[in-house]
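J.: Residues per chain are reported as follows:
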Amino acid sequence: MLLDFHKLGAWRWVLTAICAVMSLFLLLPILFIVALSFGNSRWLIFPPPGWTLKWYEELFADPRWIGAALTSAKIGVIVMVISVVLGLLASLALVRGTFRGRAVLRAFFLTPMVLPVVIVAVALYAAFLRLGLNGTLPGFVIAHVIVALPFAIITITGALETFDPAIEDAAILCGASPWEARLRVTLPGIRHGLFSAAIFSFLISWDEVVLAIFMASPTLQTLPVKVWTTLRQDLTPVIAAASTLLVALTVLLMIAAAVLRKGKSE
Amino acid sequence: MFSAATRRGSGLGFAMSAILLLAAFFVIPVVFLLTRSVTEPQLGLQNYAALVGSTTYAKVFFNTFLVAGVVTLVTVLIAFPVAWALAIMPGRWASVVFAIILLSMWTNLLARTYAWMVLLQQTGLINRMLKAIGLIDQPLQLTNNLIGVTIGMVYIMLPFMILPLMGVIKKIDPAILQAAALCGATKWQALTRVLVPLAAPGIASGALMVFVMSLGYYVTPSLLGGTANMMLAELIAQQVQSLVNWGMGGAAAFLLLLVTLGLYAVQLRFFEPKEGR
Numbered sequence: 001m002l003l004d005f006h007k008l009g010a011w012r013w014v015l016t017a018i019c020a021v022m023s024l025f026l027l028l029p030i031l032f033i034v035a036l037s038f039g040n041s042r043w044l045i046f047p048p049p050g051w052t053l054k055w056y057e058e059l060f061a062d063p064r065w066i067g068a069a070l071t072s073a074k075i076g077v078i079v080m081v082i083s084v085v086l087g088l089l090a091s092l093a094l095v096r097g098t099f100r101g102r103a104v105l106r107a108f109f110l111t112p113m114v115l116p117v118v119i120v121a122v123a124l125y126a127a128f129l130r131l132g133l134n135g136t137l138p139g140f141v142i143a144h145v146i147v148a149l150p151f152a153i154i155t156i157t158g159a160l161e162t163f164d165p166a167i168e169d170a171a172i173l174c175g176a177s178p179w180e181a182r183l184r185v186t187l188p189g190i191r192h193g194l195f196s197a198a199i200f201s202f203l204i205s206w207d208e209v210v211l212a213i214f215m216a217s218p219t220l221q222t223l224p225v226k227v228w229t230t231l232r233q234d235l236t237p238v239i240a241a242a243s244t245l246l247v248a249l250t251v252l253l254m255i256a257a258a259v260l261r262k263g264k265s266e
Numbered sequence: 001m002f003s004a005a006t007r008r009g010s011g012l013g014f015a016m017s018a019i020l021l022l023a024a025f026f027v028i029p030v031v032f033l034l035t036r037s038v039t040e041p042q043l044g045l046q047n048y049a050a051l052v053g054s055t056t057y058a059k060v061f062f063n064t065f066l067v068a069g070v071v072t073l074v075t076v077l078i079a080f081p082v083a084w085a086l087a088i089m090p091g092r093w094a095s096v097v098f099a100i101i102l103l104s105m106w107t108n109l110l111a112r113t114y115a116w117m118v119l120l121q122q123t124g125l126i127n128r129m130l131k132a133i134g135l136i137d138q139p140l141q142l143t144n145n146l147i148g149v150t151i152g153m154v155y156i157m158l159p160f161m162i163l164p165l166m167g168v169i170k171k172i173d174p175a176i177l178q179a180a181a182l183c184g185a186t187k188w189q190a191l192t193r194v195l196v197p198l199a200a201p202g203i204a205s206g207a208l209m210v211f212v213m214s215l216g217y218y219v220t221p222s223l224l225g226g227t228a229n230m231m232l233a234e235l236i237a238q239q240v241q242s243l244v245n246w247g248m249g250g251a252a253a254f255l256l257l258l259v260t261l262g263l264y265a266v267q268l269r270f271f272e273p274k275e276g277r
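Chains as they are written, first to last, in UniProt numbering: chain H, 1 to 266; chain A, 1 to 277.
One should not assume that every hint holds.
Calculated lysine to aspartate or glutamate pairs in the EDC-like style (CA-CA distance at most 20 Å, straight line) [as the list claims (entries may be wrong)]:
no., chain 1, residue 1, chain 2, residue 2
1, A, LYS187, H, ASP4
2, H, LYS7, A, ASP173
3, A, LYS171, H, ASP4
4, A, LYS59, A, GLU40
5, H, LYS54, H, ASP234
6, A, LYS170, H, ASP234
7, H, LYS74, H, ASP62
Keep in mind the hints are simulated off the structure, nothing from the lab.
Chain H extracted, bound-state conformation (with noise of 0.2 Å):
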């Protein structure tokens, strides 16, 4: 009865009222943002008095807010490739291997998940100072791999769980060398969880704050790092012009992914 929505009578109603309540809840402070974003209250009240595209205009024109766009897409980009590349070949070794304590590698290959990240940000924060990697870009790119690979090897062990190894098997049979059946048969065949293991890749960086707080030095930091150090000065409009642009490259990730699943199931 209870898990049979149309047999649940007043019940139903209880239940779709706090659904509706909550997605209102996680929705809200999102279009609040975007909303004030395009609103002339310096104060941010709401509802704005009038509409205007000055935050915005602010925003571009200030070019420590357009280097930290610009330095977040290229850590974003890099991370992207290095933890698809270790992801793939970490999850061959998970997926195909034969070795031994294979389950205890996939632990320890994700850790870096499970622990809290100011540890790791600490952590490494103090081994960058020894190596003075501190507010260098390889410092960023090397802390953010670390917890973007969690994520990129679950996303491509999945996809090649699925694929059947008897295909590679069968190119190699039919004269493939193992690296050929491996670059033609089934990188095109987990191409999809590929995808999806660049796109998380990327945001995990693109959003990530905390490591970059600690790797940050007045001359390089990125977008998350900047809206950060504006905040904890004011609440100016202009991050929620930062904050609106961020959601919407969400969305646009998310309808890619979509769009993604969408292929793979046809």
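Based on the hints, put chain A in the right spot on chain H.
T.: Just chain A, lined up with the frame of chain H:
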């Protein structure tokens, strides 16, 4: 015929690059940080003694566990009916709610926290609405305290509770609940004695995950809580960044690590579905 193993090697070599990267930039730095907790400023347990002995730090621990506990409780109470509804709703509506949950989950953490900082401030929308409907005369202090942190954290943790719980409820056989109804159970009885107990492993494992994540959270507590209401992750960052006290930072990090891993061990031991191998 040659076997797959001899043709491809054992495959461990493929994982080497990832293993080396994690060893160099994850394992060694973390171990090193934890070591400093007993070697700086001199060899001994003085940092742990200070952490346990002082009322300032006791307050940080109290704040951390209080917020994590309340956030977990509220999240479970909201997430259960939502997950239940999502598991059985007509597909079209379920996918709308599902899309909203994913959107919220993937929206930049700082953007979401900023939204709550603006909404909850003294002149913010929440206070003005409460005033307009006559519930309050003076604006409530909702930021720079643990109330703000709790609201912001529940907002962030909800998807992490709803999504796994939905999976658990979907796997429950509706026939069991039909049986309960046939045996004369009222809806309330069927809920409290059949559905909730069947979903309990999912609830417990989700709650544990939310609790652990909340314990180590840094961004939202520091933006919505202010410096007077510090939580554990902020303490670690402050010790290292502002006070350059690596021994103390390492000790606090070790305690957080211990609690985190301990709770995950409980999770793996009791709630992880056994694989049928």
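J.: May I ask which of the numbered hints given earlier this structure violates, with the numbers listed in increasing order?
T.: 4 and 6
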